[in-house]
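Colleague: The residues making up each chain are set out below.
Number of protein chains: 4
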Amino acid sequence: MARLWDKGIPLDERILRFTAGEDHRLDARLVPYDVRASIAHARMLETRGLLSAENCAAICAGLEALAAGHAAGEWAIELDDEDVHGALERRLIEKIGAAGGRVHLGRSRNDQVLAALRLYLKDAVGGIAQITARVVDSLAALADKQGQIRLPGYTHMQPAMPSSVALWARGFAAELADDRAGLLAAVRRADLNPLGSAAGYGALGLDLDREHTRVALGFAAVQEPVTAVQLSRGKAEASVIFELALLVGDLGRLASDLILFYTDEYAFVSLPDEMTTGSSIMPQKRNPDVFELVRSAPATIQGALMESLAITAKLTSGYHRDLQRLKAPLFRSIDLAEDCAAIMAHALRGVQFRAENIELGDELYAAERANELVVKEGLPFRDAYRKIAAALAKKK
Amino acid sequence: MARLWDKGIPLDERILRFTAGEDHRLDARLVPYDVRASIAHARMLETRGLLSAENCAAICAGLEALAAGHAAGEWAIELDDEDVHGALERRLIEKIGAAGGRVHLGRSRNDQVLAALRLYLKDAVGGIAQITARVVDSLAALADKQGQIRLPGYTHMQPAMPSSVALWARGFAAELADDRAGLLAAVRRADLNPLGSAAGYGALGLDLDREHTRVALGFAAVQEPVTAVQLSRGKAEASVIFELALLVGDLGRLASDLILFYTDEYAFVSLPDEMTTGSSIMPQKRNPDVFELVRSAPATIQGALMESLAITAKLTSGYHRDLQRLKAPLFRSIDLAEDCAAIMAHALRGVQFRAENIELGDELYAAERANELVVKEGLPFRDAYRKIAAALAKKK
Amino acid sequence: MARLWDKGIPLDERILRFTAGEDHRLDARLVPYDVRASIAHARMLETRGLLSAENCAAICAGLEALAAGHAAGEWAIELDDEDVHGALERRLIEKIGAAGGRVHLGRSRNDQVLAALRLYLKDAVGGIAQITARVVDSLAALADKQGQIRLPGYTHMQPAMPSSVALWARGFAAELADDRAGLLAAVRRADLNPLGSAAGYGALGLDLDREHTRVALGFAAVQEPVTAVQLSRGKAEASVIFELALLVGDLGRLASDLILFYTDEYAFVSLPDEMTTGSSIMPQKRNPDVFELVRSAPATIQGALMESLAITAKLTSGYHRDLQRLKAPLFRSIDLAEDCAAIMAHALRGVQFRAENIELGDELYAAERANELVVKEGLPFRDAYRKIAAALAKKK
Amino acid sequence: MARLWDKGIPLDERILRFTAGEDHRLDARLVPYDVRASIAHARMLETRGLLSAENCAAICAGLEALAAGHAAGEWAIELDDEDVHGALERRLIEKIGAAGGRVHLGRSRNDQVLAALRLYLKDAVGGIAQITARVVDSLAALADKQGQIRLPGYTHMQPAMPSSVALWARGFAAELADDRAGLLAAVRRADLNPLGSAAGYGALGLDLDREHTRVALGFAAVQEPVTAVQLSRGKAEASVIFELALLVGDLGRLASDLILFYTDEYAFVSLPDEMTTGSSIMPQKRNPDVFELVRSAPATIQGALMESLAITAKLTSGYHRDLQRLKAPLFRSIDLAEDCAAIMAHALRGVQFRAENIELGDELYAAERANELVVKEGLPFRDAYRKIAAALAKKK
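Chains as they are written, first to last, in the working numbering: chain A, 1 to 396; chain B, 1 to 396; chain C, 1 to 396; chain D, 1 to 396.
Please note: incorrect hints may appear among the correct ones.
Because identical chains cannot be distinguished in the list, a pair is counted as satisfied if it fits within a single copy or across any two copies.
[Said to hold, decoys possible] Calculated pairs, SDA-like style, for lysine to any residue (alpha carbon to alpha carbon, straight line, at most 25 Å):
id	residue 1	residue 2
1	285	267
2	285	274
3	376	348
4	145	68
5	145	349
6	285	144
7	387	57
8	285	158
9	145	93
10	95	76
11	95	149
12	285	264
13	145	10
14	285	141
15	387	76
16	95	369
17	145	382
18	145	74
19	285	357
20	387	19
21	376	181
22	145	52
23	285	256
24	376	356
25	387	204
26	285	266
27	285	358
28	285	90
The hints are simulated quantities; they were obtained by calculation from the structure and are not laboratory data.
Pulled out of the complex, with its shape left as it was, chain A reads as follows (with noise of 0.2 Å):
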């Protein structure tokens, strides 16, 4: 695209451009869900007797062409329809005529942008929370094989216990399931039904049936009272970003340990040739990118929760145009989840332990030693521990 900047670009269209941004672009995969939405309306409206059944079918067959038409790639959102709703309208009505136009009776944008994105939503966590389980899967499959591997258990990176591959795989298993937990639960802001809330204030002088579309929707509650709808934008958006931060920020820290283990100094994992990356100048290098990669993920989705957070800090309450700007950082934040989570479910599978590097020295055993001895002794902890460090000082 040609900057805003350029000469000669009259004024309404730059004021276009700037203000589409990249709707045009972010939009692309909200097409199934406003369709899904829009349909949703269309028949509850017929059902309220203010869409004939020949308007409705019209309405339903030609936003169902129209999806399949986007899904095969036969068209794309272009600028000038400034959004997912504006191309869908504008097709359906070229498509069965001014009816189309019929669809949009009680509904905003407001309302309308709420209910794709939430569904959305809804399924982009789905599929999130199963890639994460495949991460979880990986690990136990590597306790499966090479738990019994003995490992160093360190804090502030120092050997402090004993420790092993089982407890090291199981320990970020348990915190990865967690963080699935919390990304389904997340779905809770996005679960409402917020048709018929139209631009924040409902559909005075139609009596619309919000939980109509709420089942056909399969929300879990009507959204209420209706000035909720867009003071609540930004919260489900935030949440789920929030919840992907812990997510990738444990993968993060797996990443960190797998870094760690695969240094010369350590050499406690090896990774298959083809996970890690060759240098351009030094041939010998296997380098784990991969991993690299995803412990610095974090920062990118702590930056778009701080930007989701910011975007709708001091509004006062009703719409405002701020809140489009919601979407980037949320599909920003999605895909990088989805692809992280992905990418180490396949890595994970390709570590090995190599046991013949991993030592264990006495002194990790002095605690587990003093604490028999005050079990069988009675000695005080600290006078058992002692006992034991002088043993093990003499053995030196």
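Given chain A, put chains B, C and D in place with the hints provided.
Modeller: Frame of chain A; chains B, C and D shown alone:
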């Protein structure tokens, strides 16, 4: 405190000051929780035969006396204690002799601090949830008292549709109730018993009963495996801070509305004198400082959220001293959220809408009338709207 | 792009996609800069006798042809190229044969990417500085045209003192000029020649002339020692993003003022129709979407700032692949700042203050009159003020 | 302090506590600066004939006595004073009578707090710059003492090229010197005289001499126009916090290296006992807590940076009470940066590299030898590299 770079302080003293940081001040609030957790641990040790009944009784009585003394202001944590755990350990041994040291069997500061923190977190969240319910009540009272007053419903800060004080107040009440629900749900990550995980690899050589302390302390589950305990550090904290960011975010937007409504140009609300602040050079002025400070409070909590996420980012697994830094942003967020919610619960009771200053233009009803026309005459919405708009234009 | 978790993609292909990330798209803007830096490097190699005159000429001509072809849209970086460097290297060798590989002597992608990025950064900052100067000009034009119109000077959003359109516009102009100065100063960290540092430890065994490339590329200094080069990565980026956050922050506050002044209740300004946006269901409305999108733009840049700082945090020294992630937040910030400044420079020309709607109450002059009384009669300020205030009260 | 929601506190007392916030504690450090600025203002008033010589002398002497008393611990700012300005005003009037009030002519708390803050900021930055220079010195001393020890130069945490302690230490020294330069440059935004702007619209009716106070206080320029003064609030603060984030970010990365080098697996460095911390249950351990706390310190400063940027975001022009919140993140960042730099300056003197544990494999020299081959035999780099690599492979 003399700053660290003052001359003449020996190195180890400087290191102590630097590493202890603010803990001796921050930890004051943890005293009762650390005492509760220590008593639970002592009683579990007794049931396992790892502590004599006599020692256990002395330890429990001693700890309870210390908690009472601390609450009564008889002692405070000192810099040399380093933290709450050091302070209690030293004083307990001074009080009941060497037996005081026996409570540390099978425990490390790593699981001890987590136990105290999580008990505190559950309490603190419960407290803020209660105060939030009071804000909801204040909004409901406002809706009851002045709800019938009509307000313009704004989009883009432009009058759009008719609304009312009831719709306005209940929209915020709904979101604050949602924030409260989110906050209570966030406790999930703090509701796990860390005791028995010791430094992060379990208390090898001892047969501890983690279920016993779980029941005694009211945790929902024992956290498994032991390696997950330290790995999870920061996630419960960040989850609570995140929900506080949403809560205070909504309070901040409520404050933004009130500041706007209190301007001379809107003059939609009046505030009692005792809620506003005078100016040092313009005595006629009555400023809404309370609401301004609430409006900017989310900034502090968003900063604390970033801080808490950044502390654990990229850390390898196992305990690191870095984790100590999590307390400051957590406590800062909790105190601020508590203060903001408490002041809003009160301040809202002073807000009076001034019906005489609030006008709704005819054009706000245009959409409603167009909707009615659609229903009665079956016109497409846009045709109906054009008709209404033309009629409005004539009247002007 | 098919998402990474699609079935049926072999592991190494997934790894390539994941590690290449968005680079093939992001790097498009770096093509001319990488070409410039490569040509400078080639010529330096020639002066050192490390590249024949013939090879050097072929390399330079080939690179220039590639840059021209890229600018003309004849080719684009492909996923398989991984990044701009891979794309140019492959195409250069295709074009001029094996000699194309000789330009990489004494160079690594680590210093190569930095050279291109820094050259780009200097250019981009210069461009935004120019656009910012145009915003300043628009404000000055507004002050010239309507500056004499009086405005209430607000504190706490309450009328406090007399002000004017000139004071209002010139206050913002001064801050934007300050932002521009800050931005130009931030270039300092990008103004260092990284070439010759190779992978971060110098080009051992070669006698490169770092001063030669410095002069050719217009860097202020050679960055020394070589180990500082990779350690500094991210600091120049963050410095520029920070200054953009201040710049766009000021634009956002300017937008906030204009949105407020454009409300029905203030009605201090009018905006031309081509700058406002209509509503899908309330055609009477003209919304200031442009300013709303500028108001929330700082959120995106603040997020990018956090992202960039978090990427390098805690990394040990030496190059890490994590650093690749710095490009996205940098480019996102630059593009957004550019767009916001450009649109504001234009939009401000459409702003008309409506003197007829702006009233300044007598109480705004109270402080001034009290000051005059102090001067004339030598009263203490507070006594003078009381006298004025009493007189004002009587008049009412 | 009793929390705000304690029962039985009357509303106006609650409001006072909430609005005063932490100011009475935070402002302690501003006492000497507020005194200096007030004295400069008083003297300017005298030169303009707005204050008698007698009053001026009494005010200046009184303020100096108050500053001395505060430094000696004789008094502290109390909650009822609200802030440093209230505390000094009340005490000055108690001390010298009503004349104490005359210093406020032509001044508002809005310009008063900025004058004190900027003077403080300039001092604080100067102090941290000095301490940073000491860290640079410590690194230089290390390079002098042990610089000849060879180190592997890492990329991707994999050994890549030969490096040395000198190159390692001097790389960090260069970046810290750059941080110091950035910090000193950031003072620019604090180096403007706000006095005379009063509440933000000037002292109408008085002919103040802003140049007089500028010279007296050593500001680089008078800030013009008066409306820019409050608009600029937060930018100087954020600029300093940003530079501190870079400084502490570099210290944190230095700490990361040292923690890694101090692991058992690397064992590249030893640390003196008085710099490490023992474990409560594993007495054999000596943990590098100091470096861990420095590693995570950037998190706190990044959070403070977000906080400071978010406070002013979207605010309309003119003073708002929100700005009060800027002090806490600023002071928090300054204190932490000061402590981190001071402790690193000292701790680095205890770091000993253990040459006996550091090995550089032959493969680290491959690139160098290939380079030499290129020079001697004119081979293309990749061919030379292949030859060297083959020779290396044979040796193994």
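Colleague: If a hint holds in the structure, say so; if it doesn't, say that too.
Modeller: Now the hints, each set against the structure:
With identical chains, the CA atoms of residue 285 and residue 267 are at most 25 Å apart both within one copy (14 Å) and between copies (23 Å). Taking the shortest Cα distances, residue 285 and residue 274 sit within 25 Å of each other inside one copy (13 Å), while across copies they are farther apart (39 Å). In the homo-oligomer, the alpha carbons of residue 376 and residue 348 never lie at most 25 Å apart, since the shortest distance is 42 Å inside one protomer and 45 Å across protomers. When the C-alpha separation of residue 145 and residue 68 is checked against a cutoff of 25 Å, the pair qualifies neither within a copy, at 45 Å, nor between copies, at 53 Å.
For the identical chains of this complex, residue 145 and residue 349 are intra-copy neighbours only, at 10 Å inside a copy versus 46 Å across copies, given an alpha-carbon limit of 25 Å. Taking CA atoms no more than 25 Å apart as the test, residue 285 paired with residue 144 passes in neither setting, with 30 Å inside one copy and 31 Å between copies. In this assembly of identical chains, the alpha carbons of residue 387 and residue 57 never lie at most 25 Å apart, being 86 Å within a copy and 28 Å across copies at closest. Within a single copy, residue 285 and residue 158 get their C-alpha atoms only as close as 27 Å, which misses the 25 Å cut-off; across copies the closest is 8 Å, which meets it.
With identical chains, the CA atoms of residue 145 and residue 93 are never at most 25 Å apart, being 60 Å at best within one copy and 46 Å at best between copies. Taking identical chains as interchangeable, the C-alpha atoms of residue 95 and residue 76 lie at most 25 Å apart only when both belong to the same chain, with a minimum of 16 Å there against 36 Å between chains. With identical chains, the CA atoms of residue 95 and residue 149 are never at most 25 Å apart, being 65 Å at best within one copy and 46 Å at best between copies. For the homomeric pair residue 285 and residue 264, the shortest alpha-carbon distances inside one copy (11 Å) and between copies (24 Å) are both at most 25 Å.
In this assembly of identical chains, the alpha carbons of residue 145 and residue 10 lie at most 25 Å apart only when taken from different copies (23 Å versus 66 Å within one copy). With identical chains, the CA atoms of residue 285 and residue 141 are never at most 25 Å apart, being 28 Å at best within one copy and 33 Å at best between copies. Neither within a single protomer nor between protomers do residue 387 and residue 76 lie at most 25 Å apart by alpha-carbon distance, with minima of 76 Å and 35 Å respectively. Within a single copy, residue 95 and residue 369 get their C-alpha atoms no closer than 80 Å, and across copies no closer than 29 Å, so neither meets the 25 Å cut-off.
In this homomeric assembly, residue 145 and residue 382 never come within 25 Å of each other (Cα to Cα): the closest approach is 38 Å inside a single copy and 40 Å across copies. Taking the closest pair of Cα atoms, residue 145 and residue 74 never come within 25 Å of each other, the shortest separation being 48 Å inside a single copy and 52 Å across copies. For the identical chains of this complex, residue 285 and residue 357 are neighbours both inside a copy (20 Å) and across copies (22 Å), given an alpha-carbon limit of 25 Å. Proximity of residue 387 to residue 19 under the C-alpha cut-off of 25 Å is found in neither arrangement, the shortest distances being 74 Å within a copy and 29 Å between copies.
Taking the shortest Cα distances, residue 376 and residue 181 never come within 25 Å of each other, neither inside one copy (43 Å) nor across copies (50 Å). Proximity of residue 145 to residue 52 under the C-alpha cut-off of 25 Å is found in neither arrangement, the shortest distances being 63 Å within a copy and 43 Å between copies. In the homo-oligomer, the alpha carbons of residue 285 and residue 256 lie at most 25 Å apart both inside one protomer (19 Å) and across protomers (23 Å), since each shortest distance falls under that limit. For the identical chains of this complex, residue 376 and residue 356 are neighbours neither inside a copy (34 Å) nor across copies (43 Å), given an alpha-carbon limit of 25 Å.
Taking the shortest alpha-carbon separations for residue 387 and residue 204, only the inter-copy value of 17 Å comes in at or below 25 Å, while the best intra-copy value is 82 Å. For the identical chains of this complex, residue 285 and residue 266 are neighbours both inside a copy (16 Å) and across copies (19 Å), given an alpha-carbon limit of 25 Å. Within a single copy, residue 285 and residue 358 get their C-alpha atoms as close as 22 Å, and across copies as close as 19 Å, so both meet the 25 Å cut-off. Proximity of residue 285 to residue 90 under the C-alpha cut-off of 25 Å is restricted to the inter-copy arrangement: shortest distance 21 Å between copies versus 55 Å within a copy.
Hint compliance for this structure: hints 3, 4, 6, 7, 9, 11, 14, 15, 16, 17, 18, 20, 21, 22 and 24 are not met, and every other hint is.
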